[in-house]
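Protein chains in written order, with this note's numbering: chain A, 2 to 287; chain B, 2 to 287; chain C, 2 to 287; chain D, 2 to 287; chain E, 2 to 287; chain F, 2 to 287.
Simulated from the structure, these hints should not be mistaken for lab results.
Bear in mind that the values here come from a model prediction, so they are computed numbers and not experimental data.
Every residue, glycine too, gets a C-beta built ideally from N, C-alpha and C.
It cannot be assumed that every hint is accurate.
Some chain A residues near chain D, calculated using beta-carbon distances under 7 Å [as the list claims (entries may be wrong)]:
#1 Ser12
#2 Val81
#3 Ala150
#4 Phe166
Each chain, letter by letter, is given below.
Number of protein chains: 6
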Amino acid sequence: MSDGLQVSQLSSLLVEDAVRAALREDLGRAGDLTSDAIIRPGDQTSALIRTRARGCIAGMQLAEASFRALDPQASFDVVVSDGTVADPGAIIAEVRGPARAILTGERTALNFLIHLSGIATLTHTYVDAVAGTSAHICCTRKTTPGLRALEKYAVRVGGGMNHRFGLDDAILIKDNHIAFAGDIATAIERVRARASHMVKVEVEVDTLAQLETVLGFDVDAVLLDNMTPDHLKAAVRLAGGRVITEASGGVSLETVRAIAEAGVNLISVGALTHSAPALDLGLDLA
Amino acid sequence: MSDGLQVSQLSSLLVEDAVRAALREDLGRAGDLTSDAIIRPGDQTSALIRTRARGCIAGMQLAEASFRALDPQASFDVVVSDGTVADPGAIIAEVRGPARAILTGERTALNFLIHLSGIATLTHTYVDAVAGTSAHICCTRKTTPGLRALEKYAVRVGGGMNHRFGLDDAILIKDNHIAFAGDIATAIERVRARASHMVKVEVEVDTLAQLETVLGFDVDAVLLDNMTPDHLKAAVRLAGGRVITEASGGVSLETVRAIAEAGVNLISVGALTHSAPALDLGLDLA
Amino acid sequence: MSDGLQVSQLSSLLVEDAVRAALREDLGRAGDLTSDAIIRPGDQTSALIRTRARGCIAGMQLAEASFRALDPQASFDVVVSDGTVADPGAIIAEVRGPARAILTGERTALNFLIHLSGIATLTHTYVDAVAGTSAHICCTRKTTPGLRALEKYAVRVGGGMNHRFGLDDAILIKDNHIAFAGDIATAIERVRARASHMVKVEVEVDTLAQLETVLGFDVDAVLLDNMTPDHLKAAVRLAGGRVITEASGGVSLETVRAIAEAGVNLISVGALTHSAPALDLGLDLA
Amino acid sequence: MSDGLQVSQLSSLLVEDAVRAALREDLGRAGDLTSDAIIRPGDQTSALIRTRARGCIAGMQLAEASFRALDPQASFDVVVSDGTVADPGAIIAEVRGPARAILTGERTALNFLIHLSGIATLTHTYVDAVAGTSAHICCTRKTTPGLRALEKYAVRVGGGMNHRFGLDDAILIKDNHIAFAGDIATAIERVRARASHMVKVEVEVDTLAQLETVLGFDVDAVLLDNMTPDHLKAAVRLAGGRVITEASGGVSLETVRAIAEAGVNLISVGALTHSAPALDLGLDLA
Amino acid sequence: MSDGLQVSQLSSLLVEDAVRAALREDLGRAGDLTSDAIIRPGDQTSALIRTRARGCIAGMQLAEASFRALDPQASFDVVVSDGTVADPGAIIAEVRGPARAILTGERTALNFLIHLSGIATLTHTYVDAVAGTSAHICCTRKTTPGLRALEKYAVRVGGGMNHRFGLDDAILIKDNHIAFAGDIATAIERVRARASHMVKVEVEVDTLAQLETVLGFDVDAVLLDNMTPDHLKAAVRLAGGRVITEASGGVSLETVRAIAEAGVNLISVGALTHSAPALDLGLDLA
Amino acid sequence: MSDGLQVSQLSSLLVEDAVRAALREDLGRAGDLTSDAIIRPGDQTSALIRTRARGCIAGMQLAEASFRALDPQASFDVVVSDGTVADPGAIIAEVRGPARAILTGERTALNFLIHLSGIATLTHTYVDAVAGTSAHICCTRKTTPGLRALEKYAVRVGGGMNHRFGLDDAILIKDNHIAFAGDIATAIERVRARASHMVKVEVEVDTLAQLETVLGFDVDAVLLDNMTPDHLKAAVRLAGGRVITEASGGVSLETVRAIAEAGVNLISVGALTHSAPALDLGLDLA
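Given these sequences and hints, build the entire structure.
Structural data, given as structure tokens:
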């Protein structure tokens, strides 16, 4: 974006909490038996983190924090910032300092980087696939338990948009909710009677008839579920810009362009966070 | 296995901790705005969890706990147990009880199930691919931060073996460690002088010459890194059953059978935990 | 509300976390020295919780959980539900069971009840003061650290609306933000370029000129800061229903009716959560 | 006090725990959407915290920690120390550094300051009201759940004394306890048989006859519950300096002076912590 | 004690927190590898916990909770209650139910029992050694980090008294504090100016001259540090019942009777909590 | 050891977690009442930590962290490193800086040092007792709940070996497990069918006949339970170096040499961690 602002960083509190939990998981009770037995406390080293495949980098704050939580003497230089697409073999960061901290922290740092870069890379591929259309790619709540904020950050890094972060920051009325209300109108009315003015409301619709009903109410967005591109086009026309239109269901790299060309504002893709393969990265001693 | 013992269950403490953290993440501060606005507190319902693709199921304990942590009145019946391969469209579980708990817990329950079943399914595919050989498929420490115990459980469910759970329960001497010791012999000696008698020692080797050196010491296993099948065969012959042989690096569904036929005991596959796509599952109200 | 739905309950996870933290705070390391010394383990009792002043009750779930976390044998009957206005001297709940749990839990249960009922009561007073106008009373982020979700629940119980729950669930552009962007248009554009489609955007304005500028952009609400009723009337007229109008600043029970009659949609009152006096309640053995 | 010692500070561990919990509550999963979208990472600023009403300041350590937990580059200068009464409009602190940390931390810092300064101010008002008498104003266990240590600190800052911090650091025998023992003598005997020599014992009495009974035992203090000033005078005379006398119940700014003049040592006021209105403070960019 | 009251129980919250932390420590990431591999999920068993040495039992609540946290189906019958001295070979409890929970929980249950019973037993020995004198045996703050509340409970179970539980529930002025105040009078005055009326004050003295100074002030107890029995006798005479007298330092089973016969009220023994050998106990399948 | 490597350090994360928990336990809600009342915030001091008995020092990292967690201005100089045997009266560390942090942290620092040095010292005594034999002294899982990693570190510092850290890092088949399998062969087969290749397997045997059976399987170690030295000698001869031999049960300083001379590889001693008396250490202001 031309205003010079980066994609928003993760807060340092969140980074620290996540890294410490991950290190505790890997160190267990007894710590790094191998490094402790072999490496002398004073030994220093430096190492490079390199890509082994092309991909969009995400997670540098977490990698840096992984080494520095073990030893604040470790220094970490970012060579390729989050959001940049790196070629295979590119050096993306350099870490220098106490050898024990670097070898002990290696796996934790890489586990964050390969997972988040994997998500950013897949997001980036989807974003590329709809280039030139007005559609934005966005994520869902189908995230790995415990990692939602990090994974949604990786989606932003890859050029995607975030959908809601939880059950509590936006309202999404689905079929199952409508079943309990009796009909779509009652569901929306119940929500309108209780929702804060600062909370957006989206309604899932499967048919144009449902969409027409929904458009009679004050809602912010409609989730067009599992519609064909032609069906979506008709829905977008019907919506006429009065609500945000989001396509969902059956989205793949094969189908996404046609969906985007149907004119929807957003396409949500669960795979971004639940099925992105890790980006292959490695750490080598310099 | 013919002795009637199941794959070991997850401890109830671990399940409860994981589920509560995941629910807190999804509920945020304000809870489920949509369900709370629409569903009456006393409303009851029942729902079925179904596969939408063929796969090996894992995570039933976590799914059950996701609903019951919200409301102990919820009942959960497992139709397809962990470790079973289900066809697309199969009903794998039924949940009954308070509608709010079922709709609020749905995503958390499914997020555990799709992630762990994805891992179990990919593991199962690898295990199938080496059927009839003596090789076992095993996982690595390349897991999603915070979920190692759950992901390693899913690997077992899929028929795989677990490698070490952390830096503290086994010793794995890698190239980087050897560099600090000066040579492979010194590295092994330092480890032998400090390792508990209850801790196994594995050494990474890249060449047959290194393997020959390692065989002169008391080690339990060797990690044969990035070797071709022919190379592996020679290594297995050289090892002569004196140590466990583990192939690692460059393993894919295309290459795994040839690697297995080289006669190694184990093949470790990082992708099992870092790149398994989610298994597509859904919950439908009955 | 005529649809029979209650004000949304607090999730049981949230209630349990809050109550356990409060009990740990009161029990310290050594527990209840007085009750442990005097009351026999088997002693049973029953007690009534009564109002000592007129007020709107809130927090019954927390009171019940306070006793039951100490001893699941304790039973708790709600006589007056959350959201009901009780006269002085009214019995609002009865608790029965192990005397130790009842005496030990008394202060924790009451501390939740008097604080949340105090907030609900003050909210109710403000809501009454604007009865017949179209204005809703809502809260702010000026809450007691650690208790935001509970205090916002009490506001709902008292008939108020909730504003955003944190920095992450809605966007509110204030003067200070505008200063960093350079002008109001740039601030809104930066936000629009990054905000999720599920996040609402509100902008603070001090003058009609600012309001006019803001109305040229896609924003959901405007916070009219510290305006007189006449000023507010003009702002409402200018807004013309295109955005939600929220009055803020200088709101008291003396001024709130005039503000409401200016036609704004919402009036936010920090005092609801930061300055509500406790509602006087007591527990007496039956 | 003339010995140059300040009112005891809060421990840095306690401050850090409280501040991090409060920031996590406000940042939620997604962080500060507004500041992240608008303010450039490198932007610097400075801001002043000012009173908008006369009051006794408390909580500077927490305000400072709120900014510095977000970014250690933030510097914080205390202009008016805890315990000082500031006039309306007074600058009480200046914060300088990264703009994001200052705008993101503003509400958390202020929420601590307005709540604790509110308590200190109300305490100070009560202390002033009994000036010249021998009575001390003290707090109770009627505190906001989770904030007891901070609120009791604010009472000290305002010139008040602390009563016990929990059920475990002192013994207070109330009517309800006596009911279970059968009579006051048995209750005291049971306590005497079990209480550590380092734990004080106070007994609640409603009548002079009860007081006379209690004076026959080894107790440290008596809580004179809901007595009129004349009644209190008689009780103080009867106690004759053998025990500490504490008046409790029905204390307000209207009645407190007369109660103090009855000669009691202490007057406990629940309102200090459960009903103190916040002190109005604001942060303005310099 | 003849009033039928037991030594105060541990709160269920404290027990649950301690037991879950201990189980998590023993189960690690992978759980009980041995039992999970060998025992079928449905297998039932029963087991007896027996003493292998004579001692005073403490910790039954923790033992029970250790099994039941793993599986609520486990039932636990206390045969010998906390505080009872059991002969070698005595059955002290029986546990019945799921075999996995019993074998997995065995070590955690026993670790609590052997540690706490060891403390209770040593305490009981000291209490016996001073039988017939007026001295009480009490503990110190020299406890194992993390276990203070449990260890102090075990001291009570063994017939001892508790000294303060932490730095915050009583005041103990030591030599080092006096050094900073300049002299003993200033130290006491500073404390008196700040201490809550519900907090006791003890002062450490090394000489009779110091004791004489201290007796001129309002203090509750004196700690007579490292005095001989003759010295102690003189101190007790000088104190004349005006303060509680506590002997400390150089206390062993050889010296404790002579110290008690010097007439002090209390004898504090650090060894009770920092050097008590475990009581030998074992679990055998029935 | 001649390679210049120290006994492995504790990870800084583990040290920090343990120290903060211990300080929170000692400070409670109100902090250090005595030091806060008497010592001026700016007061500086220095203090020496000295032995009062001969012993092997362990825990310096924890002592240092105890002071520095309270105030990072405190400096800590290690005079005698972990693993060194110090004579009575030796200065082992010096701490300098803010007097409040030093007096407040004193007990926490010493509680870690006296406990861990006690364990190291007892371990050292056992290690000395078997000097010249080929036996190593090792610990068990009979540790104090919550402190296993620290106590096992102290065992290493004293020259001992560590047995497994939990139920999850190695397999130990005991009598009770065999009972559920039916016979020893079935138990081992079940374990072999499930155990990771990186997990060692030990089997408890009571007789030579059992040992002979076990030697027919692939196991890593045998635990020879409660055998006499002659019995042990026969067992070692029978094992013939094919498995590690560990003697357990009935080990004391009187019996350990004879056991070692029977030729076993390891002697496990529960007393190292459950019954080591604290090493007497004190802190004196300089």
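Now the hints, each set against the structure:
1. Here the hint on Ser12 (chain A) is kept, as its CB sits about 5 Å from the closest CB of chain D, short of 7 Å.
2. Given hint, Val81 (chain A) at the interface with chain D, is violated; its Cβ is 17 Å from that chain's nearest Cβ, farther than 7 Å.
3. Evaluation of the Ala150 (chain A) hint against chain D yields a held restraint, the C-beta minimum of about 4 Å falling below 7 Å.
4. Interface restraint check: Phe166 (chain A) against chain D, minimum CB-CB distance 5 Å, threshold 7 Å, status holds.
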